Every structure is written in C-alpha cells, then in structure tokens.
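Just so you know, the sequences run in chain order A and B.
Read left to right, the first sequence gives residues 0 to 278 (numbering that gives the first Met the number 0).
Read left to right, the second sequence gives residues 0 to 278 (numbering that gives the first Met the number 0).
Everything labelled a hint here was simulated from the structure, so no lab data went into it.
Since the structure is predicted, the reported quantities are computational estimates derived from the model, not experimental observations.
In this text, a Cβ means the ideal position worked out from N, Cα and C, and glycines have one as well.
Wrong hints could be hidden among the right ones.
What the hints assert, rightly or not - Here are the computed lysine-lysine pairs in the DSS-like style, where the Cα-Cα straight-line distance is at most 30 Å:
| no. | chain 1 | residue 1 | chain 2 | residue 2 |
| --- | --- | --- | --- | --- |
| 1 | A | Lys201 | B | Lys147 |
| 2 | A | Lys23 | A | Lys43 |
| 3 | B | Lys206 | A | Lys234 |
| 4 | B | Lys123 | A | Lys23 |
| 5 | B | Lys213 | A | Lys206 |
| 6 | A | Lys234 | B | Lys273 |
| 7 | A | Lys201 | B | Lys71 |
| 8 | A | Lys252 | B | Lys71 |
| 9 | A | Lys262 | B | Lys273 |
| 10 | A | Lys260 | B | Lys239 |
| 11 | A | Lys125 | B | Lys123 |
| 12 | A | Lys262 | B | Lys125 |
| 13 | B | Lys206 | A | Lys206 |
As the list claims (entries may be wrong) - Computed footprint of chain A on chain B; a stretch qualifies when at least three of its residues, placed anywhere within it, have a C-beta under 8 Å from a C-beta of chain A:
| no. | segment |
| --- | --- |
| 14 | 119-131 |
| 15 | 203-212 |
| 16 | 229-239 |
Okay, here's what each chain looks like letter by letter:
Protein chains: 2
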Amino acid sequence: MKKFTIGVVGLGLMGGSLAAAFKKIDDYRVIGFDISLKVIESAKQKGIIDEGYISNNKLNKADVVFICLYPKKIVEFVKINKNYFKNSAIITDIAGIKYGIMKDIEKVLRKDLEFIGGHPMVGKEKEGIEFADANLFKNSKYILTPRKNTDIRKYRLLEELLYEIGVLNINLLEAVEHDEYVAYTSQLPHALATLLMNNNEKAIDQKIHGGSFKDATRVAMINAELWIELFEENKYALSKTLDDFEKAIRDMKNCVQNGDKEKLHNLFTKGREKREALR
Amino acid sequence: MKKFTIGVVGLGLMGGSLAAAFKKIDDYRVIGFDISLKVIESAKQKGIIDEGYISNNKLNKADVVFICLYPKKIVEFVKINKNYFKNSAIITDIAGIKYGIMKDIEKVLRKDLEFIGGHPMVGKEKEGIEFADANLFKNSKYILTPRKNTDIRKYRLLEELLYEIGVLNINLLEAVEHDEYVAYTSQLPHALATLLMNNNEKAIDQKIHGGSFKDATRVAMINAELWIELFEENKYALSKTLDDFEKAIRDMKNCVQNGDKEKLHNLFTKGREKREALR
Numbered sequence: 000m001k002k003f004t005i006g007v008v009g010l011g012l013m014g015g016s017l018a019a020a021f022k023k024i025d026d027y028r029v030i031g032f033d034i035s036l037k038v039i040e041s042a043k044q045k046g047i048i049d050e051g052y053i054s055n056n057k058l059n060k061a062d063v064v065f066i067c068l069y070p071k072k073i074v075e076f077v078k079i080n081k082n083y084f085k086n087s088a089i090i091t092d093i094a095g096i097k098y099g100i101m102k103d104i105e106k107v108l109r110k111d112l113e114f115i116g117g118h119p120m121v122g123k124e125k126e127g128i129e130f131a132d133a134n135l136f137k138n139s140k141y142i143l144t145p146r147k148n149t150d151i152r153k154y155r156l157l158e159e160l161l162y163e164i165g166v167l168n169i170n171l172l173e174a175v176e177h178d179e180y181v182a183y184t185s186q187l188p189h190a191l192a193t194l195l196m197n198n199n200e201k202a203i204d205q206k207i208h209g210g211s212f213k214d215a216t217r218v219a220m221i222n223a224e225l226w227i228e229l230f231e232e233n234k235y236a237l238s239k240t241l242d243d244f245e246k247a248i249r250d251m252k253n254c255v256q257n258g259d260k261e262k263l264h265n266l267f268t269k270g271r272e273k274r275e276a277l278r
Numbered sequence: 000m001k002k003f004t005i006g007v008v009g010l011g012l013m014g015g016s017l018a019a020a021f022k023k024i025d026d027y028r029v030i031g032f033d034i035s036l037k038v039i040e041s042a043k044q045k046g047i048i049d050e051g052y053i054s055n056n057k058l059n060k061a062d063v064v065f066i067c068l069y070p071k072k073i074v075e076f077v078k079i080n081k082n083y084f085k086n087s088a089i090i091t092d093i094a095g096i097k098y099g100i101m102k103d104i105e106k107v108l109r110k111d112l113e114f115i116g117g118h119p120m121v122g123k124e125k126e127g128i129e130f131a132d133a134n135l136f137k138n139s140k141y142i143l144t145p146r147k148n149t150d151i152r153k154y155r156l157l158e159e160l161l162y163e164i165g166v167l168n169i170n171l172l173e174a175v176e177h178d179e180y181v182a183y184t185s186q187l188p189h190a191l192a193t194l195l196m197n198n199n200e201k202a203i204d205q206k207i208h209g210g211s212f213k214d215a216t217r218v219a220m221i222n223a224e225l226w227i228e229l230f231e232e233n234k235y236a237l238s239k240t241l242d243d244f245e246k247a248i249r250d251m252k253n254c255v256q257n258g259d260k261e262k263l264h265n266l267f268t269k270g271r272e273k274r275e276a277l278r
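Isolated chain A (complex conformation) (with noise of 0.2 Å):
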C-alpha cells in the first residue's frame, strides 16, 4: 500500500525529475499530467510514472500535487481545475518568482485546498523529460513560501516530502522577499551571463576567454520564453537591482579612472572573504 500519491503537473525537466525522484521511493505512487500524450508515454516507458492522464479530471487521485508549468500558467491551472482536486489536498509550485503568485492564488483557491509556493533552486542548461535526472534534487536547496495561513501539518508534511527526494535545505520566505532575493541572486547573475555573451562579440571571438569567462557565462545557454517571464513577473525587483548593479559598475569605474587603489583593495578583499564564507 502506497503512503501518498504525488500528482505531477507538466512533465518538462523540472516536473520529469520530480516524478522520478519520488518513483524511486517505494512510500509513493506517481501520476503525471500532461497536455502531451507523446510526452506522457514517454514518461511511462522512462518508469517515471505509475500512471499518465491528458484530462485534468484525474488530479482528485493526488494527495500533493506539483504544478510543474511556467510561471504565469500557475495560477490559472488552479482556477480552471480547481473542482478536480481531491479533498484537502496540497498544491505546490516550482516558479522562480512568488509574490504574483502568492496574490493571485487567493483569489481562486478553494477552502479546504492548501497551497504552498515552491522554488527548486536547482537547474539545467536543458529543457524537457528526456533529461529527468532523479537526482536533480540531491543536496539541493529549496524554497518554500507558505500563505498567511497554511497549515503547519501540510507545511511540515511537504517538507518531508523534499527531503525525501534529496532536498538539504529548505528555507521559509516570504512570497516578497523571495522575488527580491532572487533578483539579486539568481535573475542578476542570468542577465550579465546573456549580456556578457551579446556584447564585444570582437572580444569573444578571439577564443581566449579562461574559466572567469565560461563560468560567468554558463547560465546564458537559458531558456528564453521561461526567463522573458521570470523577468517579467519580478519587473520591480529586478528594475531596483540592475539599477543598483549599475551604479555599483560606474563606481568601480571611477575606482580605475582615478587608481583609487585603497578602494579597489577594500573591493576584492571584501570581495574574496565573502566569497569563501559562501563555500
């Protein structure tokens, strides 16, 4: 007898893994969801999944379900399915931003459902289900951002879930905090990748870039449609730290322009002791 069935809405890398991750434990049985049948098959004959629907009206067998789809989809699969899903059960999300979707959701939820915002902070230079890796969440950090008024027993439960499937550190935020974080920490480091890649191209094609270069561009090879809504759903955030970023540019500018070496010193030195306390 399984403990839980887990749902899993649109099997694309991120939803892929999931399901796989949790079909390796014995404790869950694992339903996918998907508007592709070939993609639903796909998953069956890679054994992520027990069973695969295109009809939304079996999510009433899932205790937990992961909606796996772009941002601004979220929201309103919960709206046009939400007579489907079973009694109380858990609903969660894997975007990169939050606040939109913390807000919106209140607005369509059903009473005795529970929705938890989710962000894997996890990611693949790929896209889709042929690159579902089961340990895509190994060691991974998570995380969650539960409503005003969330159940503590779902909140737990779902974190247990993660943890289950390799998660080591999950951390509560709030929905508005998360979307200005992340600008700093994930959405800033993706925008100078793709500009660092769209600017001097004479530079850049004399090939003797060293590993600074490739790592500071690894995240360029991103998925545009997913990312123009990343941007686009944390447009406030976002704005205030590249603007912030620019300005701190133009000073060390003016740094070299006017060999303030003392500043430069403080600079890297900072830069470097920050830097290993992040290891």
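Got chain A; can you put chain B on it based on the hints?
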C-alpha cells in the same frame, strides 16, 4: 645532456607550476630564482627545480627565462639584471596585461636578447609555491605578444616549449589588442564577481543562491595586490569596458521596465547561441 636550461624567476603559483611542468620533461634543466631562500628550499624539496638561487647573477645559465613576477616588476627586473642574462637568451613573462610592458621593455632590453610577452590563460584561487601544479597548463590557452622585430625562430622555439608542457592553443596578438580583449573576457568577469559579492549582503546572507551565483562569483577569490596592478595597468581599456557594460545593463533595465519582450527574447536567444558556440 639536457637540451635547454629554463630559468624561472619568482617561484609563486605560476612560476612554481612552470618549473614543475618543465622539470617533468627530461630535456630540460630548471633553475629557479626567488628573493626568498625558504621558497627556493621548498621548490628543491618538492623536486620542481634542479638548482635555485636568490642571487640573479646565475641567470646566465638559462637559455629561456620566464619572469613570473607581478606586472610592475617585470621591466624593472630586466633592467636591473640586464648584464646577467645569457647571450641571445629568450625572455618571456606571464603578466595579464601587455601593452605597458611591451612598450617599456624596448627602452631597457639588451640588443642580443629577445623578449616575447606571454599570458597564460590559467589561474587558481590559490597563491604560492605550495599550490604549484605541473598540470596547470594542460589543455590551456596561452597568448604571446612578440615585439615588432622578434626573431621568428625564437618565437617558434618558445611556442614549442609551451606545447611541450601541455598548452593546447597559442594566440599571437598585438599587445594593445590583447589588453582590450582581456579587459572584456577576463577583467570584466573578475570585476563583476567582486561587485556581486560586495553588494546586497542581505540577499547573499539568505544562502538561497544556486549554481548561477556561485559560478559568477568564483573568481571573486582574487589576489588583491595582483589585480590592483592588473586593473591599474589596463586603466583605459578597462574603463571603456566597464562604461560599455554599464550601458548594457541600463539597456536591459529599460527592457525589463518597459516589458520589451521582443528585445529580451533577442538577447536571451543570441546569448544562448553564442554561449553554445563557446564550448
């Protein structure tokens, strides 16, 4: 009988690694020079030099001399020790900036000597001979900046030596071009890494960062003294680079604020394509 004697001046991470790499090859005798007797003893103990001296008058034993000092010390070293070098010796350096050195070296170089600027595109977040690594140059890129009248046979000889220690790819560049390109492909990522670690402590302290932040900040683990010199010596190209990049960030900020999805899409798509081609 050894084919050549390699002199290495300054047994730090880079000098120590060059010494170790040549020492492993039977054809070469390796002589180390350092101002610290302790460092020389340590190099002997590690078996990465055949002989070591704190006095530079033994430079006349070396057919090829790698000067592995900080950028500002290189021309000075050649000037002070000009009478010690062996007749017709090849001298090269490892500084990450080249224009100032190539310009100034002309004023101090003995007529029979050859100076070919060098920039190994390798690095480590470590300093000192204890981290010397004979494999540091395996499959690496290396830039050479010959003088106008560099003897082509000596240039080829230096190339051969570098290929023998594992260098995969040698680019010949004009010093001024080198400095422009390096400002973008190396100094800029180092500047960005440093700035990322110096701003928004609150976000960093959440420890919610994923791989994108870690990769973009790895090189914040910088040798401050060295990089102050590198920035100082490349003041003009680097200021221009920072200025251009500041503008690129401002443009992206405007895209985000104005919801210019088409432009974002172009940036992401082109960035991805260029990054894929970089591998």
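Numbers of unmet hints, in rising order: Hint check: 4, 9, 13 fail, others pass.
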